[in-house]
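Model the placement of chain B on the given structure of chain A, informed by the hints.
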Amino acid sequence: MFQTGLQLATRMTRIGVYVCHCGLNIAGTVDVEKVAEYAKTLLDIVVAKHYTYMCSEPGQCMIQDDIKALKLDRIVIATCSPRMHEETFRKTVAEAGLNPYLLEIVNLREHVSWPHSEEPEKATEKAKALVRMGVARVKLLEPLEKRRVSIFKDVLVVGGGIAGIQASLDLANAGFKVYLVEKAPSIGGRMAQLDKTFPTLDCSACILTPRMVDVAKHPNVTLLTNSEVESVKGFVGNYEVAIVKKPRYVDGDKCVGCELCTKVCPVKVPDKFNERLGKTRAISIYSSHAVPKVATIDPDFCLRLKTKKKDVCGKCAQACEAKAINFEQQPETVQLKIGGVIIAVGSEVFDASRMPEYGYGRFPNVISNIEFERISDASGPTNGKILSPKTGQPPRTVVFVQCVGSRDKRFHEYCCRVGCMVSLKQAILVREKMGRDVNIYVCFNDLRSFGKGYEEFYRRARDLDINFVAGIPSDVRMASDGSLYFDVFERGTSKLLEMQSDMVVLANGLVPSSDITEINELFHASRSADGFLLEAHPKLRPLECSTAGIFLAGACQGPKDIPDTVAQASGAAAKAMDLLASGEIELEPLKAVVDEDLCSGCRVCESLCPFSAIEIKREAKIDEEKLRAEVIEAMCQGCGLCSAACPTGAIKIQQYSNKQVLAQVDAALTETKTKGGN
Amino acid sequence: MSLIDSMSMAKPNLKTRSKILAKLRGRDLVNCFQCIKCTSGCTALKLLELKPHEIEKLVNLGLVDELMSSDIIWTCVTCLKCVQRCPQKASPYHVIIALRNLAVEREAKIPEEFMKKVSQILETGLAESMQKVTTRKMETCDRESLKLPKLAGPKESFQAAFMKALEER
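Residue numbers (our numbering), protein chains in the order written: chain A, 1 to 678; chain B, 1 to 169.
Just chain B, same shape as in the assembly:
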């Protein structure tokens, strides 16, 4: 092996790397020249310590195994700023999404909240669950108390399509 991460003794996994490159379809990860503009503008950096340029470099070097099981790839808030700003069209966002998809395929550890969200969408058809609202008079309202009509659940065809999309991933 030509290269080893001497901190974790990890070796490049070139098979997975080429899998990720295939998933990117033309968004040229290999063109990243580490100008670090993505990290300079990253919305998730200050709170969640996401450094997209490091992810780009690690994937380019093939050091993907550790990345895939780490929480850091799940911290991207998908604001897509890096996609717009990247001078080399190497968009870390697409790399992160590819890593997430691979992590799911490999049944790696996925943050609980993500799976909760998935089942919620499947059950209710909504990305955000219905919430109770507190008014200025400190009254708590929900749809029922406001006499709003009940929301219908998702159609079966939606659920089928959603499940199919999940499986295809």
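Isolated chain A, as found in the complex:
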């Protein structure tokens, strides 16, 4: 009989409960009719209905009609995960004139019907309890408004491989200003190292180099090579980024790329671009088609820079007619204000020396697939002639071994998605370059030729008399002349074959770039179990991070071939345009709010906040000394860390206040049989 003021107030609410069947996804396990009937017995429920698909147009119309006809002011929808359709239903209730935040989603699919499909009766009881909790909470929800903030429109693209180049070009052509940051002295990335590309056998350089030049010349693109992102502050639409330009010790504006310096430099250095198969000099241009074509001095090898003495060497400076060499160059920091980031840092190639059974690193004639690309490339160390690294002679037999480091629980469980096609392409290149006399074998596990034109490419390889051996060798051994021999059990013939080969090419998989840990920390871009960057949703949001304003392109998100990389890059660019085009963005109102009277200024929240959204300010009005936390609205993502840690309970997350959560707990602890939700 006794009612507190709060209960009296909540008595006024008019709640509608809608239970979704989700086809048979929910209704197959949960007795939805019973759940709706049960909802009717709860306090303040004006209407409770169930329907096959609440998210369908008739379902949504039903809710809207009820809101108008029955003057509902709170809605509970028992359906799939809020991650799936919360946004849909918010729009539904908003269109009917209700504040979209007076809606509570109860998850009956992921939380009930799917995990409890074996126990339908208990599942129905759990569904009832969850609905009861939802009703208890919805009564205490407060109307909220979305926040609009203005944003910067420039975009930062991290990584100058084909993904970064494509994304930059798309954005720049659409009128956005782009900063393209590349760690290496030249853009181009992995694709620049490749000889030909599957399945068309286009020359990689021929299709990539024009793009590299385009992006460098584009008036909307600022190219920052030999540079790395140092720090990132801010939030979606309002990032402040610091980028460090590492010293090249060469003035980029003066250098004409004549390579006179390289000719006189006395220090030989393993050539990174050629996978260390050849030598370059301590001052060199990164590759023959480098963009920008500017020399760079490697400070780890240069005699002058190593000794730091002014009278040492200096031959390059004497040879340079443009006077471009500057041993005094210092790192330079560039500050940028940008709206969105496209991460395109790519991947690395698996280090096969971790698998001792193949002898990579010990046997010179066992090479990786990326090394083969350099050997086969006309600009590579052998000028495109396929020669065995040990003897310098053309091999008579070449064997490709598939799935190295991939599909292997000891290293990487995932399929590298390119190894099969790369080996097919390389086998075809060997046949084309060396003719009919050379024996080519591919030792495979499953041959995966899944893309457009790929199966036809596999067919082409078989037409060219490339032999496919169904079986993976267990250990490779080297004979005294450097040739290799090993046993393979062939599953088609059930025979143990002893194979001899002058060259073994390992189909090394793709692994996350070594920079990915840093990227993960800088941009709050989470990673999936395989170590690559995690997309917001594997199917519906594959181009973006769960952190707003960060987009993903290319192999940093997962192993990818060139067509997929370019497609994803264009997609990510379009996503960034979508976000930034209007010049302002809408933010969810689910943010932290500080109760000024309770805040003691202890700074716990400030140190915990992963988005640096809390500032400690002096309370000028009352007391000069008193510190107080203030939430920077636009930066707060509503994660709730501060709220959980606050010792005085001063910080709350809107829509998740203690009162609202405890009402749910109370409802959870009430027996199903008793009437009423509270």
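Worth double-checking, as some hints may not be accurate.
Think about it this way: if two alpha-carbon atoms lie no more than 30 Å apart in a straight line, the pair counts; the simulated DSSO-like pairs of lysine-lysine are [said to hold, decoys possible]:
(1) B:23 / B:164
(2) B:164 / A:495
(3) B:89 / A:495
(4) A:310 / A:246
(5) B:57 / A:409
(6) A:146 / A:68
(7) B:19 / A:409
(8) B:89 / A:409
(9) A:196 / A:68
(10) B:57 / A:495
(11) A:409 / B:164
(12) A:409 / B:46
(13) A:409 / B:23
(14) B:109 / A:409
(15) A:196 / A:433
In short, the hints are calculated from the structure, not lab data.
Below, chain B alone, put in the same frame as chain A:
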């Protein structure tokens, strides 16, 4: 039955299969994707025709009865190469040992040499029996002629523990 070996008319024995899977405790036989790396490197293949990948597949299909009574499971020399190399951690070695243990439980035909070895270990405590050695001068020596001390037999506690281990299998 969904599957029959049309050569021997054998049917899958799923009970035994799940018994073997239980014995493997996490070494995931079911993950074998037949890359055949194990057989490519098998030490016992050339002499004894052991094809570990076939054993993996047969057990996965449930065709275990014939396997258990066959000699082939006793030819593994336990070099453990397949355990190290298997990309799916499905190690045929552990499957073979599980098959051997089941064969013993079922009192199936076990190669004589194995039982001899077991009784030898029980009696002498040694895996290899003491042998006579022929020198370059074609003299035959044993421990006694070399005046080496006599080896003591195994302790009773060892024998008891050994018997207990056998029974637990």
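Hint by hint, here is what the structure shows:
Our distance criterion of 30 Å between C-alpha atoms is met by residue 23 (chain B) and residue 164 (chain B), whose separation comes to about 18 Å. Annotation: proposed proximity of residue 164 (chain B) to residue 495 (chain A) is violated, straight-line Cα distance about 42 Å (limit 30 Å). Restraint check for residue 89 (chain B) and residue 495 (chain A): satisfied, since their Cα atoms lie roughly 24 Å apart, inside the 30 Å limit. This hinted pair checks out: residue 310 (chain A) and residue 246 (chain A) have alpha carbons roughly 21 Å apart, not beyond 30 Å.
The straight-line distance between the Cα atoms of residue 57 (chain B) and residue 409 (chain A) is roughly 19 Å, inside the 30 Å bound, and the hint therefore holds. Only pairs whose Cα atoms come within 30 Å are accepted, and residue 146 (chain A) paired with residue 68 (chain A) is accepted, the gap being roughly 23 Å. For the hint pairing residue 19 (chain B) with residue 409 (chain A), the CA-to-CA distance comes to about 24 Å; that is within 30 Å, so the pair holds. Taking the CA atoms of residue 89 (chain B) and residue 409 (chain A), the gap is near 7 Å; set against the 30 Å cutoff, the hint holds.
For a cut-off of 30 Å, the pair hint linking residue 196 (chain A) to residue 68 (chain A) is broken: about 64 Å separates their Cα positions. With a CA separation close to 17 Å, the supplied pair residue 57 (chain B) and residue 495 (chain A) stays within the 30 Å bound. The suggested pairing of residue 409 (chain A) with residue 164 (chain B) is violated, with an alpha-carbon distance near 36 Å, which exceeds 30 Å. Taking the CA atoms of residue 409 (chain A) and residue 46 (chain B), the gap is near 28 Å; set against the 30 Å cutoff, the hint holds.
At most 30 Å may separate the alpha-carbon atoms for a hinted pair to count; residue 409 (chain A) and residue 23 (chain B) meet this at roughly 21 Å. At most 30 Å may separate the alpha-carbon atoms for a hinted pair to count; residue 109 (chain B) and residue 409 (chain A) exceed this at roughly 36 Å. Between residue 196 (chain A) and residue 433 (chain A), the direct Cα distance comes to roughly 12 Å. Compliance with the 30 Å bound is thereby established for this hinted pair.
Comparing the model with each earlier hint shows violations of hints 2, 9, 11, 14; every other hint is respected.
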